[in-house]
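**Student:** Protein chains in written order, with this note's numbering: chain Z, 1 to 279; chain Y, 280 to 764; chain E, 765 to 1045.
Since the hints were derived computationally from the structure, they do not count as laboratory data.
C-beta atoms are modelled at their ideal positions from N, C-alpha and C, and glycine is treated no differently.
Misleading hints may appear alongside valid ones.
What the hints assert, rightly or not - From the derived model, a few chain Z residues whose C-beta atoms are all more than 10 Å from chain E: (1) Leu167; (2) Asp178; (3) Gly223.
Claimed, not checked - Restricting the straight-line Cα-Cα distance to at most 25 Å, the calculated cross-link-like pairs of lysine-lysine (PhoX-like) are: (4) Y:Lys609 <-> Y:Lys458; (5) Y:Lys637 <-> Y:Lys458; (6) Y:Lys441 <-> Y:Lys637; (7) Z:Lys11 <-> E:Lys854; (8) Z:Lys53 <-> Y:Lys609; (9) Z:Lys106 <-> E:Lys944.
Said to hold, decoys possible - Derived contacts from chain E toward chain Z, CB cut-off under 7 Å, selection only: (10) Pro779; (11) Ile861; (12) Ile871; (13) Met975; (14) Arg979.
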Amino acid sequence: MSTGARFSAGKIFPYVLLVVLLLWTLVPIAWMLLSSFKSLTDVLSPTPLLTFKPTLANYIGLVSGGNNVLTYFRSSILAAGISTIIATTLGCFAGYGLARSNFRGKRHLAFWIISTRMAPIAAVILPLFIGFTFLHLINTVWGLIVAYLSFNLPFAIWIMNAFFADLPPGIEEAARVDGASNFQTFWRIALPMTAPGIVTTAILCLVFSWNDYAFAVTFAGPGSQTLPVAASQLITQTGVDWGQLTAIGTVVALPMVIVGLAVRRYLVRGLTLGAVTGE
Amino acid sequence: MRPSNGMTRREFLRITGAGLTGASLPWLAGCGGGSGSSGASAGGSEWKQYSGMTINFISENTAPTSAIAANLTPFKKLTGITVTIQQLELTSLAQRVALDFGSHSGEYHVIYADPYQVMAPLHDGFTDLKQFMNDDSLPAVPKGLGDFIPTQLDAAGRFEGKLFALPYDAPTLIWCYRKDLFEKYRDKMEEDLGFDPMPSDNSTWEQYYKIAKWFNENQDDVPYGTGHQAKQHDALMCDFSNLLWAYGGDYFENGQKVGRFGATDPGSSTLDSPQAIEAARFYNRLIGVAHPGSTSWDWNDLGEAFGAEECAMCPEWHEFAAAWEVGSLKGNIGYAPLPKGPARSSNMYGGTGIGVNKYASEDQQKAAWLFVVWATSPEAQLMDLKSSVGGGTPTRQSVYQMPEVKNNKNPLTNMPNIVTAPAVLKAWEPQNIGLRPKVPSWNQCDTILYSQVSQMLTAGKSPEDAMRDAKKEMDQAVKGVPSAI
Amino acid sequence: MLPALVILAAISILPLLYIIWMSLNNVTLLGGTGISSNWTGLGNWGRMFADPGVWAGWAAMVIYFIGTVGLEMILGLVAALVIHEVVWGKNLAFSLILIPMFIAPVIVGLLGRFLVNPTYGLYAWVLRESGIYSGNILGGSVSAFVAVVLMDVWEWTPLVALITLAGLVSIQPQILEAAKVDGASYWERLRHIVLPSIAGIIIVALLIRSMDALRYFDIIWQATNGGPANATKIIPLRLYESAFRFFHLGYAATIGLLMLAVSILVANLFTGILRQRGLLR
Chain Z
1 MSTGARFSAG
11 KIFPYVLLVV
21 LLLWTLVPIA
31 WMLLSSFKSL
41 TDVLSPTPLL
51 TFKPTLANYI
61 GLVSGGNNVL
71 TYFRSSILAA
81 GISTIIATTL
91 GCFAGYGLAR
101 SNFRGKRHLA
111 FWIISTRMAP
121 IAAVILPLFI
131 GFTFLHLINT
141 VWGLIVAYLS
151 FNLPFAIWIM
161 NAFFADLPPG
171 IEEAARVDGA
181 SNFQTFWRIA
191 LPMTAPGIVT
201 TAILCLVFSW
211 NDYAFAVTFA
221 GPGSQTLPVA
231 ASQLITQTGV
241 DWGQLTAIGT
251 VVALPMVIVG
261 LAVRRYLVRG
271 LTLGAVTGE
Chain Y
280 MRPSNGMTRR
290 EFLRITGAGL
300 TGASLPWLAG
310 CGGGSGSSGA
320 SAGGSEWKQY
330 SGMTINFISE
340 NTAPTSAIAA
350 NLTPFKKLTG
360 ITVTIQQLEL
370 TSLAQRVALD
380 FGSHSGEYHV
390 IYADPYQVMA
400 PLHDGFTDLK
410 QFMNDDSLPA
420 VPKGLGDFIP
430 TQLDAAGRFE
440 GKLFALPYDA
450 PTLIWCYRKD
460 LFEKYRDKME
470 EDLGFDPMPS
480 DNSTWEQYYK
490 IAKWFNENQD
500 DVPYGTGHQA
510 KQHDALMCDF
520 SNLLWAYGGD
530 YFENGQKVGR
540 FGATDPGSST
550 LDSPQAIEAA
560 RFYNRLIGVA
570 HPGSTSWDWN
580 DLGEAFGAEE
590 CAMCPEWHEF
600 AAAWEVGSLK
610 GNIGYAPLPK
620 GPARSSNMYG
630 GTGIGVNKYA
640 SEDQQKAAWL
650 FVVWATSPEA
660 QLMDLKSSVG
670 GGTPTRQSVY
680 QMPEVKNNKN
690 PLTNMPNIVT
700 APAVLKAWEP
710 QNIGLRPKVP
720 SWNQCDTILY
730 SQVSQMLTAG
740 KSPEDAMRDA
750 KKEMDQAVKG
760 VPSAI
Chain E
765 MLPALVILAA
775 ISILPLLYII
785 WMSLNNVTLL
795 GGTGISSNWT
805 GLGNWGRMFA
815 DPGVWAGWAA
825 MVIYFIGTVG
835 LEMILGLVAA
845 LVIHEVVWGK
855 NLAFSLILIP
865 MFIAPVIVGL
875 LGRFLVNPTY
885 GLYAWVLRES
895 GIYSGNILGG
905 SVSAFVAVVL
915 MDVWEWTPLV
925 ALITLAGLVS
935 IQPQILEAAK
945 VDGASYWERL
955 RHIVLPSIAG
965 IIIVALLIRS
975 MDALRYFDII
985 WQATNGGPAN
995 ATKIIPLRLY
1005 ESAFRFFHLG
1015 YAATIGLLML
1025 AVSILVANLF
1035 TGILRQRGLL
1045 R
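For reference, chain Z alone in the conformation it holds in the complex (with noise of 0.2 Å):
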């Protein structure tokens, strides 16, 4: 053990770097935080203050008139959420289905799962869009969570695939010669000891589905518009509603830093299991 003074440099050097990427990190969130409570005036001011009367006209504005952003927030998670579902659902079961099939092209398999996720968004719009059509899912809330599954789905299936071919073989085998089926070894021996895996599965998932902007303003409608679509409609033709848009950036922020807090042992264990030999 290090016998050094207690407060040598080589000890103090990493707190000096955690606190300039904490400075780094969280000077705009605090001023974004700040400045929703600011009246428009003062977040045009062009000395920044840092005292002024607070006001929580922007949260008001934003649940009130013809914008409600609890409708907005009900979208995004409805979308978000059982896209989520969806795609670790079926992740999970492609992923073992895949991790312990035997056959030649299995590693090309994999490959092109998740390369299916590396279509640039606008070319595919177009094409989606008439099946969407032709499927009666434009202006739905449904439509999203179906475009959500394109790039949410490959991503499940190719997380899941890693962390399943990563569990020792041993248990499994032991389970068969016991007498377990094929889909009891699967739901009771493998997918308990992927449940870290799941999760960040389903985080990321979540995040990228919640982040999404080009087909939120593609395929929804009125009735099912998400919340970054209603960050852009803060840009109005006179001016942009900074202080609007600030209190918007942290309602879209805010639950998404509560459920990661929330699961955030799961992910570091859940991605140390599995990212080592990622496919």
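Chains Y and E: place on chain Z using the hints.
**Tutor:** Relative to chain Z, chains Y and E alone:
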């Protein structure tokens, strides 16, 4: 934007708007008159035909739409139709409308038809409004088409002979300046510069430049004389075009006619003409003495800067008046048409109309027509004008003549945008209005123009090269040749 | 496995085929009468490879990619190492550092604009008052480029830090203890034990980040709209404009297919490295 009394625009509207349009109900319901169709206007029956339907209105986030969105009850009472409004920023709106038309889905029944970015490229997706006007079973346009300001009806409504939209809003670039500062330094400026700096019919762009420079060098009240919306953005094209036209140049041969009536093939670009190059040279000089923030400002940023007293004057959309006329600047801002160049004074028109989606069902289209008529009626425009912040100015001449508007003793308090009326009414005259080309490939031409001018302003490209390259690229664009400019 | 793959195939193969078809036709939405198309064979492809705008977009993309992903990997690694090292406040610091990742790119772009605006921006004010930089940040080509790179780095460094930290946490502490007892310094431990152990994880982070770096343009779109003077107009932004501002969908499809090909190439490169290290099965 919040006035100092803390009320939001929407709160204000709920209080005043409801009362106002409620009072106008009988007027609208009973009136079928005006020139145009003969009205079988017995009471409100023609309005109630589609009771129970729901129609969708897609719009940019603009003042009239916000005013209407906060107060749809009058329309519901009048017609029984529910309206859902979706507001999107303009590029996203164009995308949605294009997809809607492209797949023939007809989801949006009433469409905010920006003449240049939506109507020109997608004109065949709109219904010719004449068929509704000739239909006796439908309400007619109150006071007839002649009530709309003529240049606006053509520019916002027509494309190659057909009428696709009725004028809905009308932001126009005009000369906005600090009246108080101009008065304070007027004598000194006159002495130093040799002419009266107060904006008048005789002001020229060269004088504008000299005034801007004078402010930079001779006073401390504001950091800079002029500010501009010179970001690589549609705003730059709007700002630059005023100079292009003032110097006698244009995008295409017969540019103003193409701008007013639209054309699928405007011919070859005239951006390499000596006048256009001269305009570019002047614009380069002008931005050289402008507030350095100008090259990253779109109209919003410029509006904020002027409101924060960063510059003494700017060419800006007149509807920003409502946002500025609060607090210490109230009553201290002057508005005038833009200065003259060698050819004329030209004021960029940025108005839009609302139209009907051809791919909606016949009933939906007629219901949409009801909304279009109502939303552009004199009453609706008065309601919008009176909204506390950011209310739009009317596109109908009769509204300007209404006693309530004309004899308003306190315009700055209850309809701030009307103080710009003398300036914009002048700006909308045919010889002063600035109309950019209404051609299907306008989005591409727009991007070409502002990218080239941005290179001139920030990357040292010469005005001649910028204009000549712009011309070359525009010729290709008009022919439909794709490229990733 | 099958139902998931069927859904995936439907969502991805059909559009892909359609996009390939579009790239071989002059597909446009102009006119508003519907999707009109006429066969052009490889015309779009020829035009794309000769289009200076496309090349400029790729050039900007390469620099942007190296700048953002490069900085994110380095800063993410440093952040993970720092959090791993400190004892006091570790959990709180970790939670706070993750926050930017949860804010939509659209909002990050607007927030960035808000912070560097010459009139009221906090960062603009600080830079001006301290004398470091008093120009218009988003008004000059180089400064605007740096600004949008930093906005992207701000948002996505937490993702890299998260993944890297996971790897750090999984290193067997006994090995590190043994090394300390043997007298190895921090840097020696870092170089010879820590980094090799998490090499695989770093590549995973690189892969995940690269996939998205080539597609997202929300931040640039909101902050600079591709300017000034096209300095920040990376290829995905040009793709979006071709498709939905100019309505030349065939041409846009062509650009998109090239982007997809490049992404696959880059991903192949990284997984090849993973495989080489025996970390792939």
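**Student:** Indicate, hint by hint, whether the structure satisfies it.
**Tutor:** Each hint, compared with the structure:
1. Leu167: holds, 12 Å
2. Asp178: holds, 24 Å
3. Gly223: Holds: least Cβ distance 20 Å, greater than 10 Å.
4. Y:Lys609 <-> Y:Lys458: holds, 11 Å
5. Y:Lys637 <-> Y:Lys458: violated, 48 Å
6. Y:Lys441 <-> Y:Lys637: holds, 13 Å
7. Z:Lys11 <-> E:Lys854: Roughly 14 Å separates the two Cα atoms, so the pair holds.
8. Z:Lys53 <-> Y:Lys609: Satisfied, since the Cα-Cα distance of roughly 22 Å is no more than 25 Å.
9. Z:Lys106 <-> E:Lys944: Status violated; Cα separation ~43 Å.
10. Pro779: holds, 4 Å
11. Ile861: holds, 5 Å
12. Ile871: holds, 5 Å
13. Met975: holds, 5 Å
14. Arg979: holds, 5 Å
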